[in-house]
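Protein chains: 2
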Amino acid sequence: MYENFKFDVIFRTEKARLGELTTPHGVIKTPAFIFCGTKASVKGISPQQLKELKSQIILSNTYHLFSYPGADYIKSRGGLHKFIGWDKPMFTDSGGFQIFSLGHGSVADEIKGRRSGISTLCKITEEGAIFRSYWDGSIQLLSPEKSIQTQKCLGADLIVAFDECTPFHSSKKYTELSMERSHRWEKRSLDEFIKLDNGDQAIYGIIQGGIYSDLRKRSAEFINSNNFFATAIGGTLGSTKEQMYEVVEMAVKDIDISRPIHLLGIGGISDIFRGVDLGIDTFDCVHPTRIARHGGALVKNKYRDSKVREHINLKRSEYANDDNPIELDCDCPTCCSFSRAYLHYLLKANELLALSAITIHNIRFMNRLMEEIRQGIFTSSLNEVKLRWC
Amino acid sequence: MYENFKFDVIFRTEKARLGELTTPHGVIKTPAFIFCGTKASVKGISPQQLKELKSQIILSNTYHLFSYPGADYIKSRGGLHKFIGWDKPMFTDSGGFQIFSLGHGSVADEIKGRRSGISTLCKITEEGAIFRSYWDGSIQLLSPEKSIQTQKCLGADLIVAFDECTPFHSSKKYTELSMERSHRWEKRSLDEFIKLDNGDQAIYGIIQGGIYSDLRKRSAEFINSNNFFATAIGGTLGSTKEQMYEVVEMAVKDIDISRPIHLLGIGGISDIFRGVDLGIDTFDCVHPTRIARHGGALVKNKYRDSKVREHINLKRSEYANDDNPIELDCDCPTCCSFSRAYLHYLLKANELLALSAITIHNIRFMNRLMEEIRQGIFTSSLNEVKLRWC
Chain A
-7 MYENFKFDVI FRTEKARLGE LTTPHGVIKT PAFIFCGTKA SVKGISPQQL
43 KELKSQIILS NTYHLFSYPG ADYIKSRGGL HKFIGWDKPM FTDSGGFQIF
93 SLGHGSVADE IKGRRSGIST LCKITEEGAI FRSYWDGSIQ LLSPEKSIQT
143 QKCLGADLIV AFDECTPFHS SKKYTELSME RSHRWEKRSL DEFIKLDNGD
193 QAIYGIIQGG IYSDLRKRSA EFINSNNFFA TAIGGTLGST KEQMYEVVEM
243 AVKDIDISRP IHLLGIGGIS DIFRGVDLGI DTFDCVHPTR IARHGGALVK
293 NKYRDSKVRE HINLKRSEYA NDDNPIELDC DCPTCCSFSR AYLHYLLKAN
343 ELLALSAITI HNIRFMNRLM EEIRQGIFTS SLNEVKLRWC
Chain B
-7 MYENFKFDVI FRTEKARLGE LTTPHGVIKT PAFIFCGTKA SVKGISPQQL
43 KELKSQIILS NTYHLFSYPG ADYIKSRGGL HKFIGWDKPM FTDSGGFQIF
93 SLGHGSVADE IKGRRSGIST LCKITEEGAI FRSYWDGSIQ LLSPEKSIQT
143 QKCLGADLIV AFDECTPFHS SKKYTELSME RSHRWEKRSL DEFIKLDNGD
193 QAIYGIIQGG IYSDLRKRSA EFINSNNFFA TAIGGTLGST KEQMYEVVEM
243 AVKDIDISRP IHLLGIGGIS DIFRGVDLGI DTFDCVHPTR IARHGGALVK
293 NKYRDSKVRE HINLKRSEYA NDDNPIELDC DCPTCCSFSR AYLHYLLKAN
343 ELLALSAITI HNIRFMNRLM EEIRQGIFTS SLNEVKLRWC
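Residue numbers (my numbering), protein chains in the order written: chain A, -7 to 382; chain B, -7 to 382.
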């Protein structure tokens, strides 16, 4: 199993590590950031552009594609890579996060602006999760087997076991019962994966256990003891930044470090530095591309106008007369030709170009961040890199 | 005057001609198509992309920019070229078309989806046109002098005299009175242009006269006898395709052919061939970029699914399983990587990428069309070119 996949740690300083994650669609240099192409498209950006911006890997959401256009349809188009015209590595999630988080109402904005109905989690049974589709209102079951079958049809290189994303407000008892069910689901996911395996995909197990160190430890040991290719840290990471770092630290402690480690749904700049320090290899988050569509441009320390935000909001009137690019030292096409004033104007005038132009900057920003982080690990100067970016 | 501008006819077959229109921002090979960057942006497409698609020239609408963000603002940003990051030739219209056509309610969809109020033409006086701004509801006057001052601030290479765009339903008497007023306005435009001239811009006179050959003749003679750099054919061209060709033919007959000739607002494929046959050098139309945003992809003869439409509608379900690109022989980035099926899916899923991807195809399509038309003139094979494209 996993004969077409490989993970090599090529350099290490304390826990932070430089790696190469080999897939059938190429090698990902880690630490790496995975961009969200939620519905089989990074909003407003073509695969050609993603490559020009030096992006290594994108993800699509199984839940969305399961709802529409359907996994069989994408399989009949030759799989996700062929369908969207992207020949580099891809990642799909299990679909669980969206079902559970939409069910709990916490990321309803994910589908804002789409059809009027939003998804509802109807019931969690041992078999799987029953929910109402946001696309057509139909009642659907997503089980571990169904999730793996779906991800098999989609054909991403890296796929994920099906688990319950336990919300923060759960009791320790519920978190434990939920984790145990997730372990059973993940075992069934792995069994289904092995049954269907043809060498094209590798599967991540997910560590649950909420904010409880004993549960995180048990969950890590469970994942380590099963033949997953890699490990992802899932579930709630607490309610504050500090708690998040604590939870990630306790979760990472017992993970088998010969496997790649992914931190699900985290993409803040300082969060990434903390994650890298703790040994995380890959990150994904909708944040860089989502804030772009609301006028938010990611900027390094020296270009910020706020101590708390890692981006500037180009809708603000102070940018109307600012002839500088978003960042003077950025090499992205947006910074090479557009001023903050023009981007401000485009946002005010509701011009489509604003959305893709700022998204392009944020994508290149994240890729440059990861390039400098990798360089920083290699030259043992991660702290200096951090001072420039945080 | 016009020392930085030049128009050379380098080859001619009957009336159709191959030309070079020199401006301070470079040479336009004619016949050429001018893309609409209505509000200082071709919707969803960057200047860098426009260049990669081999676009020669874009236009912006004085009316929109006059309303927001204002001509003085754009001047303070260094003019349109600098503001939008486009260093090739630019064209602005006089603002008249939008005021009059919005006033008559015929192109209200131009501002669909924008602020709720739409512009209203309040009154036409000898001084100019009084209207209510769609942007903020304020009462504004656009006069010949104001239009030229505004276009001066915007700084496009090619600008246009202010005229009344007489609607089709006007009587001959009204058309004549309106034409005579337009002539007075155009003379005032030219006077203001000369007063402000610094060599950076050249001005088009516009021929009015509606569908009446005697009026078109008088209007052509008026424009010829004044020192405009070039001539545009404006006003109504009738209510049918055949009438349009007749009106263009009668309008073009008396134009001074040593000057470049522009046909305002026409961009259908067969219309362009008819125009080129009659000696038209440049065309502009929002059609190629607008239909793209509704799923319409321009295609040559052999790829059509209709005898009447020059495009295919990718929203139609028949494209859901079509793995071909929009056109098999197109070299645009969209045709190089996306199938009709993927574009159909993106449209159905309301993904932004659909809009820019189809716009990219349509822009490259128009540029290839004009390249082949120029080649066809040079090799006296325009009819064969027409058979492939119409």
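Fair warning: there could be bad hints in the mix.
As the list claims (entries may be wrong) - Each pair of labels, with its calculated beta carbon distance range:
1. B:Glu213 - A:Lys43: 33 to 39 Å
2. A:Arg380 - B:Lys21: 30 to 36 Å
3. B:Ser163 - A:Lys43: 47 to 53 Å
4. A:Asp192 - B:Glu376: 45 to 51 Å
5. B:Glu6 - A:Leu320: 54 to 60 Å
Unchecked claim - With a straight-line Cα cutoff of 20 Å, these simulated PhoX-like cross-link-like pairs (lysine-lysine) come out:
6. B:Lys165 - A:Lys307
7. B:Lys7 - B:Lys209
8. B:Lys340 - A:Lys74
Rather than coming from a laboratory, the hints here were simulated on the basis of the structure. Even for Gly, the Cβ is constructed at its ideal location relative to N, Cα and C.
Hints and how they fare:
no., hint, result
1, B:Glu213 - A:Lys43: 33 to 39 Å, "57 Å, violated"
2, A:Arg380 - B:Lys21: 30 to 36 Å, "47 Å, violated"
3, B:Ser163 - A:Lys43: 47 to 53 Å, "60 Å, violated"
4, A:Asp192 - B:Glu376: 45 to 51 Å, "48 Å, holds"
5, B:Glu6 - A:Leu320: 54 to 60 Å, "55 Å, holds"
6, B:Lys165 - A:Lys307, "50 Å, violated"
7, B:Lys7 - B:Lys209, "18 Å, holds"
8, B:Lys340 - A:Lys74, "19 Å, holds"
Hint violations for this structure: numbers 1, 2, 3, 6, all remaining hints satisfied.
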